[in-house]
Amino acid sequence: MKADRTLDCYGLFCPMPIIKTGEMLKEMRKEEILEIISTDEGIEKDMPAWCEMTGNEFLGIEKEDEIIKVYVRKK
Amino acid sequence: MSDKLTLIVFSDNLDKALAAFNIATGAASMGMEVSIFFTFWGLNILRKKKEVSKPKNFIKKIFKKINKGGYDKLKLSKFHMFGIGTFLMKNLMKESNIPSIKEMLSLAKNLGINIIACNTTMEIMGIKREDLIPEVNEIAGVATYLSKAKDSKINLFV
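Protein sequences appear in the order of chains E and L.
One point on numbering: in our numbering, the residue at position 26 of the first sequence is 12, and numbering is uninterrupted.
One point on numbering: in our numbering, the residue at position 3 of the second sequence is 4, and numbering is uninterrupted.
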């Protein structure tokens, strides 16, 4: 998936990926897509939950070995 | 109006403090308004390493010496083992990029989390405002806590 910005959360655990995502989205414009690179398995459940609460759109995940790429559209 | 989360941190264990900060910072990143009340042993987390004020009361003075404060002094609730266990756990946390309590405190501050110190505990333990770290933004009592907790969707005691 094509993203406007990429956030590197490699090796970070809960709650750091969602906190960094929140900070990054604040700097972005509406409808822009953020790609989050993570190695934390929990993010697969956490990011949809975080998006639901914050009103952003969870677009899905892509997995490559241990890397989990998460896509979020800013609303 | 945004949802609210209130946390009471009663204990000064490293593990419990970390759990409290995890929940608090997570909630704040989800747009919740977060307040953490540090009371009794929990107040030790907010104390400066070196005491500034000296209580006049003899027992308070001795107690303040024994009951050490500061986020660096926190022990694990299990496997402290005279400091070895806590030392090893801190190293493991560092290796796994888990923020320390110090980092959590500044993270909490940046996320706008309200850090409240319990005034009764301060009185009992002979702790003054100048003994507390600057991250503390309020000194208050049970009424403040209750008025916040009443409107909170989530309220936890750690």
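Since the hints were derived computationally from the structure, they do not count as laboratory data.
No residue lacks a Cβ here, since even glycine has one placed at the ideal position from N, Cα and C.
There could be a bad hint or two in this list.
From chain E, some residues computed to sit far from chain L (all C-beta separations above 12 Å) [stated by the list, open to error]: (1) -11; (2) -5; (3) 6; (4) 16; (5) 38; (6) 47; (7) 55.
Have a look at the derived ranges for each label pair, beta carbon to beta carbon [claimed, not checked]: (8) E:-9 with L:147: 49 to 57 Å; (9) L:157 with E:28: 35 to 43 Å; (10) L:86 with E:16: 42 to 50 Å; (11) E:16 with L:131: 27 to 35 Å; (12) E:28 with L:2: 38 to 46 Å; (13) E:41 with L:147: 24 to 32 Å; (14) L:89 with E:45: 35 to 43 Å; (15) E:47 with L:98: 39 to 47 Å; (16) L:151 with E:45: 58 to 66 Å; (17) E:28 with L:55: 52 to 60 Å; (18) E:61 with L:2: 29 to 37 Å.
Do the hints match the structure? See the list:
1. Consistency note on residue -11 (chain E): stated as away from chain L, and its beta-carbon is indeed over 12 Å from all of that chain's, at 20 Å minimum.
2. For residue -5 (chain E), the shortest C-beta to C-beta distance to chain L comes to about 10 Å, within the 12 Å cut-off, and the non-interface label is violated.
3. Under the 12 Å C-beta cut-off, the non-interface status given to residue 6 (chain E) relative to chain L is violated; the minimum distance is some 9 Å.
4. Distance to chain L confirms residue 16 (chain E) as a non-interface residue, since its nearest Cβ pair spans about 16 Å, more than 12 Å.
5. With 12 Å as the threshold on Cβ separation, the claim that residue 38 (chain E) sits away from chain L is violated: the shortest Cβ distance comes to roughly 9 Å.
6. With a least CB separation of 19 Å from chain L, residue 47 (chain E) remains clear of the 12 Å interface cut-off, as annotated.
7. The Cβ of residue 55 (chain E) lies farther than 12 Å from every Cβ of chain L, with a closest approach of about 19 Å, so its non-interface assignment holds.
8. At about 42 Å, the CB distance of residue -9 (chain E) to residue 147 (chain L) disagrees with the hint of 49 to 57 Å.
9. In this structure the supplied range 35 to 43 Å is violated for residue 157 (chain L) paired with residue 28 (chain E), their Cβ-Cβ distance being about 20 Å.
10. Remark: the range hint 42 to 50 Å for residue 86 (chain L) to residue 16 (chain E) is upheld by a beta-carbon distance near 48 Å.
11. Range check, residue 16 (chain E) to residue 131 (chain L): Cβ separation about 46 Å, and the 27 to 35 Å hint is violated.
12. Look at residue 28 (chain E) against residue 2 (chain L): about 29 Å separates their beta carbons, and that is not inside 38 to 46 Å.
13. For the hinted restraint 24 to 32 Å between residue 41 (chain E) and residue 147 (chain L), the CB-CB distance of approximately 30 Å keeps it satisfied.
14. At about 40 Å, the beta-carbon gap between residue 89 (chain L) and residue 45 (chain E) stays in the expected band of 35 to 43 Å.
15. Distance hint check: the CB atoms of residue 47 (chain E) and residue 98 (chain L) are about 21 Å apart, inconsistent with the given range 39 to 47 Å.
16. Residue 151 (chain L) and residue 45 (chain E) have their C-beta atoms about 38 Å apart, which leaves the hinted 58 to 66 Å range violated.
17. Roughly 47 Å separates the CB atoms of residue 28 (chain E) and residue 55 (chain L), a value that falls outside the hinted 52 to 60 Å.
18. Taken as a hint, the range 29 to 37 Å is violated for the pair residue 61 (chain E) and residue 2 (chain L), whose Cβ atoms sit roughly 19 Å apart.
Checked against the numbered hints above, the structure violates hints 2, 3, 5, 8, 9, 11, 12, 15, 16, 17 and 18; every other hint is satisfied.
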